[in-house]
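**Student:** Take a look at the letters that make up each chain.
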Amino acid sequence: MHEGMNLNMRKFFVIFTPVVILAISIFIMLSCSFFKKPKGDLDNIPKHIDIITKAVTSDNWPLAEQNLSQLESGWKTVIKRVQFSCERDEINALNVSIARLKASIAAKDKTSALIELSEAMQHWNSLGK
Amino acid sequence: MNEGLVVFVRAIIAFFSLLIFTRLLGKKQVSQLTLFDYILGITIGSMAASITTDLASRAWPHWIGLITWVAAGFAVDLLTTKSRYLSKYIEGEPVIIIMNGKILEGNMRKLRYNATNLQQQLRSKDVFDMSEVHFAVLEPNGELSVLKKPELQPLTPKDMNIPVSNTGIGIELIYDGIVIDMNLKQIKQDRKWLDSQLKAYGVKDPSEVFLATFEASGSLYIDKFKDKIQRPIDIGDFKGPY
Numbered sequence: 007m008h009e010g011m012n013l014n015m016r017k018f019f020v021i022f023t024p025v026v027i028l029a030i031s032i033f034i035m036l037s038c039s040f041f042k043k044p045k046g047d048l049d050n051i052p053k054h055i056d057i058i059t060k061a062v063t064s065d066n067w068p069l070a071e072q073n074l075s076q077l078e079s080g081w082k083t084v085i086k087r088v089q090f091s092c093e094r095d096e097i098n099a100l101n102v103s104i105a106r107l108k109a110s111i112a113a114k115d116k117t118s119a120l121i122e123l124s125e126a127m128q129h130w131n132s133l134g135k
Numbered sequence: 535m536n537e538g539l540v541v542f543v544r545a546i547i548a549f550f551s552l553l554i555f556t557r558l559l560g561k562k563q564v565s566q567l568t569l570f571d572y573i574l575g576i577t578i579g580s581m582a583a584s585i586t587t588d589l590a591s592r593a594w595p596h597w598i599g600l601i602t603w604v605a606a607g608f609a610v611d612l613l614t615t616k617s618r619y620l621s622k623y624i625e626g627e628p629v630i631i632i633m634n635g636k637i638l639e640g641n642m643r644k645l646r647y648n649a650t651n652l653q654q655q656l657r658s659k660d661v662f663d664m665s666e667v668h669f670a671v672l673e674p675n676g677e678l679s680v681l682k683k684p685e686l687q688p689l690t691p692k693d694m695n696i697p698v699s700n701t702g703i704g705i706e707l708i709y710d711g712i713v714i715d716m717n718l719k720q721i722k723q724d725r726k727w728l729d730s731q732l733k734a735y736g737v738k739d740p741s742e743v744f745l746a747t748f749e750a751s752g753s754l755y756i757d758k759f760k761d762k763i764q765r766p767i768d769i770g771d772f773k774g775p776y
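These protein sequence lines map, in sequence, to chains A and B.
In the numbering used here, each residue's number is its place in the first sequence (first place is 1) plus 6.
In the numbering used here, each residue's number is its place in the second sequence (first place is 1) plus 534.
Watch out, some of these pointers could steer you wrong.
To be verified - Below, in silico cross-link-like pairs of lysine-lysine (DSS-like), each with a Cα-Cα straight-line distance of 30 Å or less:
(1) B:K738 with B:K773
(2) A:K17 with B:K616
(3) A:K17 with B:K719
(4) B:K692 with B:K644
(5) A:K17 with A:K45
(6) A:K43 with A:K135
(7) A:K45 with A:K82
(8) B:K622 with A:K17
(9) A:K45 with A:K108
As the list claims (entries may be wrong) - Not close to chain A: a few residues of chain B, all C-beta gaps over 12 Å, as computed:
(10) N536
(11) G579
(12) D611
(13) D663
(14) Q687
(15) D739
What the hints contain is simulated information worked out from the structure, not anything from laboratory work.
Don't be surprised by glycine CBs; every beta carbon is placed ideally from N, CA and C.
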């Protein structure tokens with residue numbers, strides 16, 4: 007009976023091990039949308055983009071700058087989570103958008119800032135699709 | 535984005551996925567693969583490489599492509615096993631090229647197989663004289679199977695009425711110094727018996743043995759780690775860098 011149980015245990019692990027490996031692989035590959043979700047306020051990218059948009063629209067440049075630095079640090083945190091499952095091109099594109107947004111805000115260029123904000127939001131939404 | 539780390543993680547995913555899927559596809563020697571099996575292997579490998587290094591796109595679509603090809607290959611294997619009709623349709627069947635010493639040109643023409651190909655494959659089977667060939671069959675994997683004329687086949691003990699001892703598959707009892715108890719049980723023996731056998735060969739402990747097999751004739755083959763060969767023959771014929 008003891009040998010029978012050992013055989014059953016071995017059979018179980020023979021099937022269980024590859025299934026678990028494949029399940030973990032699938033989870034990692036599809037985890038972009040899951041890891042995109044904010045864990046708190048700091049890494050809430052859409053919220054930061056929204057606040058900056060409102061600040062730029064109402065010409066509140068100090069608020070826009072403040073939220074921009076929060077957006078940058080939040081995005082750095084999110085990249086570490088989503089880099090395994092999201093496209094590199096979208097990640098790089100969002101990096102570029104944020105860089106251009108920084109320049110636009112520094113130059114107090116409302117038009118350019120709003121364009122970059124819209125593009126950044128688009129890249130964020132495309133991540134994991 | 536740490537591209538090196540991402541490639542590492544994706545490589546691990548691709549490696550284990552490929553390991554599991556090829557295990558599912560089963561064993562076939564490289565020599566038994568048809569042209570399609572060979573191309574399937576290359577395509578699957580290419581997709582695994584894309585999962586690893588193509589950071590421009592997500593790993594998921596490539597993985598889906600990989601599993602689709604593997605599943606399709608598996609399905610074709612299963613169908614051809616279950617149905618002779620489908621097996622003939624998908625994989626083809628062996629075709630006789632030489633029958634009773636005569637070349638069947640019609641069959642060769644259907645396969646777009648010419649005399650040069652035939653002679654090349656016969657030479658690879660050590661047949662340099664076409665008159666030696668009784669039958670030659672072109673297999674679905676492109677190999678040529680050759681049957682020489684009876685009077686030219688190698689002599690066997692049966693032809694000479696020589697009795698031979700029983701042969702069979704050897705069972706490993708010690709592998710790399712470790713005793714395989716499961717195999718000892720299979721031959722209905724135990725460690726005490728094994729120790730007494732090893733003693734007769736001057737072995738004090740199983741850990742001294744690289745390989746020990748129990749042959750069908752009842753004898754034991756033992757190879758120790760210390761072979762007492764002072765200077766193995768160097769078969770190299772060129773003084774290289776080492």
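**Student:** Are the hints correct? Go through all of them and say.
**Tutor:** Results of checking the hints against the structure:
For the proposed pair K738 of chain B and K773 of chain B, the alpha carbon gap of about 40 Å is over 30 Å, so the pair is violated. At roughly 26 Å between alpha-carbon atoms, K17 of chain A and K616 of chain B fall within 30 Å of each other, so this suggested pair holds. Note on K17 of chain A and K719 of chain B: the hinted pairing holds, with a Cα-Cα distance of about 21 Å set against a maximum of 30 Å. Distance hint between K692 of chain B and K644 of chain B is unfulfilled; the C-alpha atoms sit about 40 Å from each other, more than 30 Å.
This hinted pair does not check out: K17 of chain A and K45 of chain A have alpha carbons roughly 40 Å apart, beyond 30 Å. Between K43 of chain A and K135 of chain A the alpha-carbon distance is near 14 Å, which keeps this suggested pair within the 30 Å criterion. Straight-line distance between C-alpha atoms of K45 of chain A and K82 of chain A comes to about 14 Å, which keeps the hinted pair within the 30 Å bound. Distance hint between K622 of chain B and K17 of chain A is unfulfilled; the C-alpha atoms sit about 35 Å from each other, more than 30 Å.
Taken as a hint, the K45 of chain A and K108 of chain A pair is honoured in the structure, with Cα atoms around 24 Å apart against an allowance of 30 Å. N536 of chain B, annotated as away from the interface, has a beta carbon of chain A within 12 Å; the closest lies near 7 Å. Every CB of chain A lies more than 12 Å from the CB of G579 of chain B, the least distance being 17 Å, so the non-interface label holds. Under the 12 Å C-beta cut-off, the non-interface status given to D611 of chain B relative to chain A holds; the minimum distance is some 19 Å.
Every beta carbon of chain A lies more than 12 Å from that of D663 of chain B, the smallest distance being close to 52 Å; the non-interface claim holds. Chain A leaves Q687 of chain B outside its interface by the beta-carbon criterion, the shortest separation being 45 Å against a cut-off of 12 Å. Residue placement check: D739 of chain B keeps its beta carbon more than 12 Å from all beta carbons of chain A (closest about 28 Å).
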